[in-house]
Structures are given as structure tokens and as C-alpha cells.
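Heads up, the sequence shown is in my numbering, so the first residue is 14 and it goes up one at a time.
The hints are all genuine.
Below, simulated EDC-like cross-link-like pairs (lysine to aspartate or glutamate); rule was C-alpha separation at most 20 Å, straight line:
hint, residue 1, residue 2
1, K51, E36
2, K31, D15
3, K51, D29
4, K21, D32
5, K31, D19
6, K51, D19
7, K21, E44
8, K21, E36
9, K39, D29
10, K51, D32
11, K31, E45
12, K21, E45
13, K39, D19
Simulated restraints, written as ranges between beta carbons of each label pair:
hint, residue 1, residue 2, range
14, Y38, S72, 33 to 39 Å
15, L73, L50, 31 to 37 Å
16, K39, L70, 36 to 42 Å
Rather than coming from a laboratory, the hints here were simulated on the basis of the structure. Ideal placement from N, C-alpha and C gives every residue a C-beta, glycine not left out.
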Amino acid sequence: MDNPFDAKNIIRMAQDSKDALIELYKNSSPEERNMILKIIGGVAGTAASLTALFRYLKSL
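Please model the entire structure based on the sequences and the hints provided.
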């Protein structure tokens, strides 16, 4: 079985099954919760940066 705390699994869960990710988070240790937040935060930060860049380029 895959490690549920693997970054790829966390990303896939965030995209496909937010309820499963919420349950995993609720049942996780503080260290595991921190890991989940870092993974999701990293992806969200990248996506937000790309969105801002897209808007800027579109305005040119």
C-alpha cells in the first residue's frame, strides 16, 4: 500500500477526494498534519503565483 502521506497521494486526494483528505487530516498526528499543510500550501502557493503571472501577462 502507498504511503498516504506521500506528496503525490496528498495532491491526488486534494484534487479527487477532499473528504478523504479531511478525514486523513483529522486522524493524523500533529507532525503528519504539518506535513499535509506544507504539501497543500506549496501547491496552492505555486498555483496562486501562476494565476497572478497569467493575469499580468494577459493585461500586457
